[in-house]
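S.K.: Hey, can you work out the whole structure from these sequences and the hints?
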Amino acid sequence: MFVAAFANAQFYVGGGIGFKESKSITDEKTQTFTFSPELGYYVNDKLAVGATLSFTTQKDTYTEYSLEPYIRYNFFKSGDFSIFADAFVAVGNIDIENDDTHFAWGAGVSPGISYNFTKHFTALAHIGLLSYMDCKDVLKTTNVALDCNDISF
98 MFVAAFANAQ FYVGGGIGFK ESKSITDEKT QTFTFSPELG YYVNDKLAVG
148 ATLSFTTQKD TYTEYSLEPY IRYNFFKSGD FSIFADAFVA VGNIDIENDD
198 THFAWGAGVS PGISYNFTKH FTALAHIGLL SYMDCKDVLK TTNVALDCND
248 ISF
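Residue 234 in this note's numbering sits at position 137 of the sequence shown; the count goes up by one each step and never skips.
If you are wondering where the hints come from, they were derived from the structure by calculation, not from laboratory data.
Quick caveat, the model's predicted, so the values are computed rather than measured.
Quick reminder that beta carbons are idealized off the backbone N, C-alpha and C, glycines included.
Please note that the accuracy of each hint is not assured.
Each computed BS3-like pair below joins lysine-lysine, with the alpha-carbon atoms no more than 30 Å apart [to be verified]: (1) 143 - 216; (2) 233 - 117; (3) 233 - 156; (4) 233 - 120; (5) 156 - 126; (6) 120 - 237; (7) 174 - 216; (8) 233 - 126; (9) 237 - 126; (10) 174 - 143; (11) 117 - 237; (12) 120 - 156; (13) 156 - 237; (14) 117 - 156.
Label-pair ranges, simulated between beta-carbon atoms [stated by the list, open to error]: (15) 156 - 217: 36 to 42 Å; (16) 180 - 138: 18 to 24 Å; (17) 196 - 224: 31 to 37 Å; (18) 160 - 125: 16 to 22 Å; (19) 194 - 143: 42 to 48 Å; (20) 138 - 197: 34 to 40 Å; (21) 114 - 192: 19 to 25 Å; (22) 122 - 143: 45 to 51 Å; (23) 224 - 143: 15 to 21 Å; (24) 212 - 123: 40 to 46 Å; (25) 117 - 143: 30 to 36 Å.
M.R.: As structure tokens, this is what we get:
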């Protein structure tokens, strides 16, 4: 996820775009596309609030829309490098192919790192996730992960 800040303003915009194609042991391919713009505001040097609007679709399977407001806390800063954690809630809909649309909600915490390349451009990466998601009668998941497979930009 890339974040760009404007002038001396405390607002920032960013987001992510992702594409994943996987193949099962039965040679069935799945393709997943995600688009997630983000807007946030730095309250002070350590605290920011923001929200991500997320759209995910898996071909011939489901489409998901969600709004994920979050609070970001910077634990450590040294020069242009910092370590932070986002605490978030998510609400949205999952439209399952050949089925109804289902309300979904969740919450979680995601640690991350960031680096300020310039005064107006910062790159950050979330590393891992601790979350819970509930989509009544369809899906309930608890996710605990902290490895290189869960790095997102």
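S.K.: Note whether the CB distance of residue 180 and residue 138 lies within 18 to 24 Å or breaks it.
M.R.: The hinted range 18 to 24 Å holds for residue 180 and residue 138, with Cβ atoms some 20 Å apart.
S.K.: Take the C-alpha atoms of residue 233 and residue 126, compute the straight-line distance between them, and say whether it is at most 30 Å.
M.R.: Judged against 30 Å, a Cα distance of about 27 Å means the pair holds.
S.K.: So the hint says 36 to 42 Å: do the beta-carbon atoms of residue 156 and residue 217 match that?
M.R.: Given range 36 to 42 Å: holds, Cβ gap about 37 Å.
S.K.: Check whether the Cα positions of residue 174 and residue 216 lie no farther apart than 30 Å.
M.R.: 15 Å, holds
S.K.: Taking 15 to 21 Å as the stated bounds, is the beta-carbon spacing between residue 224 and residue 143 within them?
M.R.: 19 Å, holds
S.K.: Between residue 120 and residue 156, does the CA-CA distance stay at or below 30 Å?
M.R.: 13 Å, holds
S.K.: Take a quick look at whether residue 143 and residue 216 sit within 30 Å of each other, Cα to Cα.
M.R.: Given pair residue 143, residue 216 holds - Cα atoms ~17 Å apart, limit 30 Å.
S.K.: Given the range 30 to 36 Å, decide if the beta-carbon distance of residue 117 to residue 143 lies inside it.
M.R.: 34 Å, holds
S.K.: With a cut-off of 30 Å on the C-alpha distance, tell me whether residue 117 and residue 156 pass.
M.R.: Measuring from Cα to Cα gives roughly 11 Å; hence the hint holds.
S.K.: For the pair residue 212 and residue 123, does the Cβ-Cβ distance stay inside 40 to 46 Å?
M.R.: Hint holds: Cβ distance 42 Å, inside 40 to 46 Å.
S.K.: Do the alpha carbons of residue 233 and residue 120 lie within 30 Å of each other, as the hint requires?
M.R.: 28 Å, holds
S.K.: For the hint 16 to 22 Å, verify it against the beta carbon of residue 160 and that of residue 125.
M.R.: This hint holds: roughly 19 Å between Cβ atoms.
Consistency note: the structure conflicts with none of the earlier hints.
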